[in-house]
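Undergrad: Listed below, chain by chain, are the residues.
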Amino acid sequence: MSELTELGVAAIREGVAKGEFAAVEVAEAFNANVAAAQGALNAFIVATPDKAIEAARTVDAARAAGKPLGKMAGVPIGMKDLFATKGVQTTAASHILEGFTPEYESTVSQKLWDAGAGMLGKLNLDQFAMGSSNETSYFGNVVSPWRRAGGDNAALAPGGSSGGSSAAIAARLCPAATGTDTGGSIRQPAAFTGTTGIKPTYGRCSRWGIVAFASSLDQAGPMARSVRDCAIMLEAMAGFDPKDSTSLDLPVPEWEAGLAPSLAGKKVGIPREYRMDGMDAEVAKSWDDGVAWLKDSGAEIVDISLPHTRYALPTYYIIAPAEASSNLARYDGVRYGLRDLPDGANLQDMYAATRAAGFGDEVKRRILIGTYVLSAGFYDAYYTQAQKVRTLISRDFTAAFNHCDVILAPTTPTAAFALGDNSDDPLAMYLNDVFSVPASLAGLPAMSVPAGLNSQGLPLGLQLIGRPFDEQGVLNAGLAIESRAGFTAKPDRWW
Amino acid sequence: MSTAAYRIQGATGEWEVVIGLEVHAQVVSKSKLFSGAATAFGAEPNTQVSLVDAAMPGMLPVPNKECIRQAVRTGLAIDAQINKWSRFDRKNYFYADLPQGYQISQLYHPLVGEGHIDISLDDKNPEADVKRIGIERIHVEQDAGKLMHDQHPTMSYVDLNRSGVALMEIVSRPDLRSPAEAGAYLRKLRAILRYVGSCDGNMEEGSMRADVNVSVRKPGEEFGTRTETKNVNSVRFVMATIEHEASRQVDVLESGGKIVQETRLFDPDTGTTRSMRSKEDAHDYRYFPDPDLLPLELDDDFVEDCRRSLPELPDAKRHRYEKALGLTPYVAGVLTAEVETARWFEALLAEAAAKQGKGEEAVAKQAANWLTSELFGALNRLGRSLEDSPVSPAQGAELLALIGNGTISGSIAKQVLEKMLESGANGEMVGAEAIVEREGLKQESDTGAIEAVVAKVLADNADKVAQYKGGKEALFGFFVGQTMKAMAGKGNPQVVNELLKKALANYV
Numbered sequence: 001m002s003e004l005t006e007l008g009v010a011a012i013r014e015g016v017a018k019g020e021f022a023a024v025e026v027a028e029a030f031n032a033n034v035a036a037a038q039g040a041l042n043a044f045i046v047a048t049p050d051k052a053i054e055a056a057r058t059v060d061a062a063r064a065a066g067k068p069l070g071k072m073a074g075v076p077i078g079m080k081d082l083f084a085t086k087g088v089q090t091t092a093a094s095h096i097l098e099g100f101t102p103e104y105e106s107t108v109s110q111k112l113w114d115a116g117a118g119m120l121g122k123l124n125l126d127q128f129a130m131g132s133s134n135e136t137s138y139f140g141n142v143v144s145p146w147r148r149a150g151g152d153n154a155a156l157a158p159g160g161s162s163g164g165s166s167a168a169i170a171a172r173l174c175p176a177a178t179g180t181d182t183g184g185s186i187r188q189p190a191a192f193t194g195t196t197g198i199k200p201t202y203g204r205c206s207r208w209g210i211v212a213f214a215s216s217l218d219q220a221g222p223m224a225r226s227v228r229d230c231a232i233m234l235e236a237m238a239g240f241d242p243k244d245s246t247s248l249d250l251p252v253p254e255w256e257a258g259l260a261p262s263l264a265g266k267k268v269g270i271p272r273e274y275r276m277d278g279m280d281a282e283v284a285k286s287w288d289d290g291v292a293w294l295k296d297s298g299a300e301i302v303d304i305s306l307p308h309t310r311y312a313l314p315t316y317y318i319i320a321p322a323e324a325s326s327n328l329a330r331y332d333g334v335r336y337g338l339r340d341l342p343d344g345a346n347l348q349d350m351y352a353a354t355r356a357a358g359f360g361d362e363v364k365r366r367i368l369i370g371t372y373v374l375s376a377g378f379y380d381a382y383y384t385q386a387q388k389v390r391t392l393i394s395r396d397f398t399a400a401f402n403h404c405d406v407i408l409a410p411t412t413p414t415a416a417f418a419l420g421d422n423s424d425d426p427l428a429m430y431l432n433d434v435f436s437v438p439a440s441l442a443g444l445p446a447m448s449v450p451a452g453l454n455s456q457g458l459p460l461g462l463q464l465i466g467r468p469f470d471e472q473g474v475l476n477a478g479l480a481i482e483s484r485a486g487f488t489a490k491p492d493r494w495w
Numbered sequence: 001m002s003t004a005a006y007r008i009q010g011a012t013g014e015w016e017v018v019i020g021l022e023v024h025a026q027v028v029s030k031s032k033l034f035s036g037a038a039t040a041f042g043a044e045p046n047t048q049v050s051l052v053d054a055a056m057p058g059m060l061p062v063p064n065k066e067c068i069r070q071a072v073r074t075g076l077a078i079d080a081q082i083n084k085w086s087r088f089d090r091k092n093y094f095y096a097d098l099p100q101g102y103q104i105s106q107l108y109h110p111l112v113g114e115g116h117i118d119i120s121l122d123d124k125n126p127e128a129d130v131k132r133i134g135i136e137r138i139h140v141e142q143d144a145g146k147l148m149h150d151q152h153p154t155m156s157y158v159d160l161n162r163s164g165v166a167l168m169e170i171v172s173r174p175d176l177r178s179p180a181e182a183g184a185y186l187r188k189l190r191a192i193l194r195y196v197g198s199c200d201g202n203m204e205e206g207s208m209r210a211d212v213n214v215s216v217r218k219p220g221e222e223f224g225t226r227t228e229t230k231n232v233n234s235v236r237f238v239m240a241t242i243e244h245e246a247s248r249q250v251d252v253l254e255s256g257g258k259i260v261q262e263t264r265l266f267d268p269d270t271g272t273t274r275s276m277r278s279k280e281d282a283h284d285y286r287y288f289p290d291p292d293l294l295p296l297e298l299d300d301d302f303v304e305d306c307r308r309s310l311p312e313l314p315d316a317k318r319h320r321y322e323k324a325l326g327l328t329p330y331v332a333g334v335l336t337a338e339v340e341t342a343r344w345f346e347a348l349l350a351e352a353a354a355k356q357g358k359g360e361e362a363v364a365k366q367a368a369n370w371l372t373s374e375l376f377g378a379l380n381r382l383g384r385s386l387e388d389s390p391v392s393p394a395q396g397a398e399l400l401a402l403i404g405n406g407t408i409s410g411s412i413a414k415q416v417l418e419k420m421l422e423s424g425a426n427g428e429m430v431g432a433e434a435i436v437e438r439e440g441l442k443q444e445s446d447t448g449a450i451e452a453v454v455a456k457v458l459a460d461n462a463d464k465v466a467q468y469k470g471g472k473e474a475l476f477g478f479f480v481g482q483t484m485k486a487m488a489g490k491g492n493p494q495v496v497n498e499l500l501k502k503a504l505a506n507y508v
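Quick note, the sequences are listed as chains A and B, same order.
Residue numbers for the first sequence follow this note's numbering, beginning at 1 and rising by one.
Residue numbers for the second sequence follow this note's numbering, beginning at 1 and rising by one.
Derived by calculation from the structure, the hints in this document are not laboratory data.
Heads up, a few of these hints could be off.
With a cut-off of at most 25 Å between alpha-carbon atoms, the simulated BS3-like pairs for lysine-lysine come out as follows [as the list claims (entries may be wrong)]: (1) 355/B <-> 317/B; (2) 131/B <-> 146/B; (3) 146/B <-> 84/B; (4) 490/B <-> 456/B; (5) 388/A <-> 84/B; (6) 285/A <-> 86/A; (7) 419/B <-> 456/B; (8) 472/B <-> 502/B; (9) 243/A <-> 84/B; (10) 365/B <-> 414/B; (11) 243/A <-> 501/B; (12) 464/B <-> 501/B; (13) 364/A <-> 65/B; (14) 355/B <-> 419/B; (15) 355/B <-> 414/B; (16) 365/B <-> 490/B; (17) 243/A <-> 65/B; (18) 91/B <-> 388/A; (19) 30/B <-> 243/A; (20) 365/B <-> 355/B; (21) 67/A <-> 388/A.
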């Protein structure tokens, strides 16, 4: 059965549709891998093997009855534990939501179930999606299945916040998983684990039922092991949702059918501001490889400038915490989740005790930052200014896209770091997002595809950023890299 | 009512009071501002709560267009600027009745801008002594839930039925200068809201509440420091708040103290206000644009549709009653003060005109006078309002037609109305015509019959006739009374008058 877990979304769907294997067999194979890896990788907060089997049975029965099958029919997936799942604990990896079982299903997860996917379990993440290493999860960090070459057995970060998703896909615990990306939370973990992930244009996927971190930035997207698999899954996830006012009222393009690896006639922009002093030489080299591959696929390479790039990170770390400080106010111990009510406590005491016990340090840090930047007397200096800079960053991209169709850059400044390396230094941790945050602030579609391994045998990712609504251009450029990079590496199974 | 400036007599001279009102008016809509949950008053606790209202994780607000429409219609009704681009902001604070931890409101870019309301302090003549009160803005926002402290010995319970219900906050300029003006403003605002149908104006159920901003100053000086008394829920209490707060402030200032900018509460039991929290303890609400919502953009068609949907408003209606129907400003004011009265009157008018085969203007005075004096008086005695009047406009019109065509006199009509109401109280309302028929109340207009009675009255009172002839013309009323009495009130007064005059002139 082990070969079934090597299959991706397209292959599983095809095999099930043709009757080469049953959806139940696929679900069982992945369920087994999930169970076997849990102790070592901690990728899941909750495993739901029965859900996976149940969905697979439905698909098998539909096929037997000759009924049409959905886009994701027979594909078991991991669900980031930021998506509300009806009847299944949904925690955002926070103690404050431990034991919370929603009575509703997020729009995106419901669309996936409607498309025939099944749920293997709820994937671990950084608490409230705040983090780049998965170390802020209340339920323990995820361990990357990758290890450095040469016998260094240091546990590595799978990236974050969608680190459970990236680790599970790389370790063949699932063929694909949902992620969410606020400042790079799909792309950075994908880059760290040799997997593929796309954050679509802001508004493509409904945010309804996704625990909010920063509303103006949060966007769901697929993570998988190929560009095609991402295209298939994104089609299933995307679409207008009247329950989300910021949802795009546009038809969902047929991205899978539109995949074309030739970039003839396309221009690829290389942003000069991303080539920073002291850049990791191997990251720079993989970027050059990317340029060569895209040239080879017929694209013209052009130099572009995104002059406000260096303000992106500080801007992001004002806007995201500001929104988070307000979005997380609802976790107050009154209606659901953790309630810490010391003897004789009044309402204020209950708030303080509940939130002190319920939120992790990084979450508290961001709530404090966000509260500060919105405070009377500081609002204009921080929040208003950040919104202005955000507009300038957005304009940078608009101007750049007058000269190119898609932008190529590294996804992250380095390969995966060891767990614990950055955990005492929030600023060093935040720097992981330096290449991913600008596209988030501008709401642009952006994806990470594996480019190769560095000298330590760790994956490096390349990032493609497109015009608003041009997921197709991003996917096609990703496909051009994927087909030339020939990335087949996978972590040795040590768990 | 006096139109002289309202002044508080202090030890150091006269003080002027400056008032601004922030009225929270619950929008009439089937569902809440950002969720599909119902809004009906008085439901069992927590039965009208959606996932959004309870602020469950991942829930998102979606604006309810009907609430926006109602606020725009209200704005148009007060002649205000409609902002085609507005935005929702979050007002952040923690409280158990506020599930999201923030209220979605509009601080920076409200839906409705500058407008105004005209008030009059002259009850006798609403066209006199008119003052224009500026309205700074109307914005829409969510209401909070309700805490219940009497359900458990140590804990408070939360009812979220009201959580997320749409409110309009209608903010006046500090243009009001007396409790009476504030009362007139509130009544007028309430009337307009009810005409428009955007708020039921029911203060007892909390559909309308006012935050009362009060300061005092020596006439002509700069504005003083103000206090804000929160959530006052009747016109009377608003006026009491102002009276108490103004004299308290004068006392503080005259004894050398300073007014602290603070939030206060009104205690209806004592008629006084007390401090709730001072500026130093004031919340920092950390307002910022709600990132879950796009800016609200209205197109011209939407605003025009709102404008077209507006009914005739009280001032316009009153002017029309005066000009087209020839009613006095006072009567026109009474008839238009409440939308129900105007509706009832217009139904009565239409029925009365149809029944008498005349134009509305020809029966307007008759109908207006009967409604404002006869029916209102009768309803008053019954302790009823016009909405639950036992007499319908059609039944009223039937009675008016009997007066109009001379079948009964005005005084008989009073009796008929009483009998109609009696029959209504006993079950089935008997119509005016049937009562007149049954009781034989039909007016006597036959000149022969009346002449006979007149002749007898004059003969029986020869001494009075002599006095009358001698110049004591006031005795004419006596002869009318005697004649009517002899005819059990059924003599046609006009005919009686004519025949009496003739008989007296010819009397020898």
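Undergrad: All the hints need checking, so say for each whether the structure fits it.
TA: Here is what the structure says about each hint:
For the proposed pair residue 355/B and residue 317/B, the alpha carbon gap of about 23 Å is at most 25 Å, so the pair holds. Using a Cα cut-off of 25 Å, the hinted pair residue 131/B and residue 146/B is violated, with the two alpha carbons roughly 37 Å apart. Using a Cα cut-off of 25 Å, the hinted pair residue 146/B and residue 84/B is violated, with the two alpha carbons roughly 33 Å apart. Distance check on the hinted pair: residue 490/B and residue 456/B sit about 17 Å apart at the alpha-carbon level, within 25 Å; holds.
In summary, the hint linking residue 388/A to residue 84/B is supported, as the alpha carbons are separated by about 23 Å, within the 25 Å threshold. Straight-line distance between C-alpha atoms of residue 285/A and residue 86/A comes to about 46 Å, which puts the hinted pair past the 25 Å bound. A C-alpha spacing of about 32 Å is found between residue 419/B and residue 456/B, which places the hinted pair above 25 Å, so the restraint is violated. The straight-line distance between the Cα atoms of residue 472/B and residue 502/B is roughly 17 Å, inside the 25 Å bound, and the hint therefore holds.
Between residue 243/A and residue 84/B, the direct Cα distance comes to roughly 23 Å. Compliance with the 25 Å bound is thereby established for this hinted pair. For the suggested pair residue 365/B and residue 414/B, the alpha carbons sit about 17 Å apart, so the restraint of at most 25 Å is met. Distance restraint check for residue 243/A and residue 501/B: the Cα-Cα separation of roughly 83 Å exceeds the 25 Å cut-off, and the hinted pair is therefore not satisfied. A C-alpha spacing of about 14 Å is found between residue 464/B and residue 501/B, which places the hinted pair at or below 25 Å, so the restraint holds.
Using a Cα cut-off of 25 Å, the hinted pair residue 364/A and residue 65/B is violated, with the two alpha carbons roughly 37 Å apart. For the given pair, residue 355/B sits about 21 Å from residue 419/B by alpha-carbon distance, which is consistent with the 25 Å threshold. For the suggested pair residue 355/B and residue 414/B, the alpha carbons sit about 19 Å apart, so the restraint of at most 25 Å is met. A hinted pair counts as satisfied when its Cα atoms are at most 25 Å apart, and residue 365/B with residue 490/B qualifies at roughly 23 Å.
Between residue 243/A and residue 65/B the CA atoms are separated by roughly 14 Å; this keeps the pair inside 25 Å, and the hint holds. Pair hint residue 91/B plus residue 388/A holds up; C-alpha atoms about 21 Å apart against a cutoff of 25 Å. At most 25 Å may separate the alpha-carbon atoms for a hinted pair to count; residue 30/B and residue 243/A meet this at roughly 18 Å. Between the alpha carbons of residue 365/B and residue 355/B the distance comes to roughly 15 Å, so the proposed pair stays at or under 25 Å and holds.
Restraint check for residue 67/A and residue 388/A: the C-alpha separation of about 53 Å exceeds 25 Å, so the hint is violated.
Figure legend: structure checked against the earlier numbered hints; hints not met, in rising order: 2, 3, 6, 7, 11, 13, 21.
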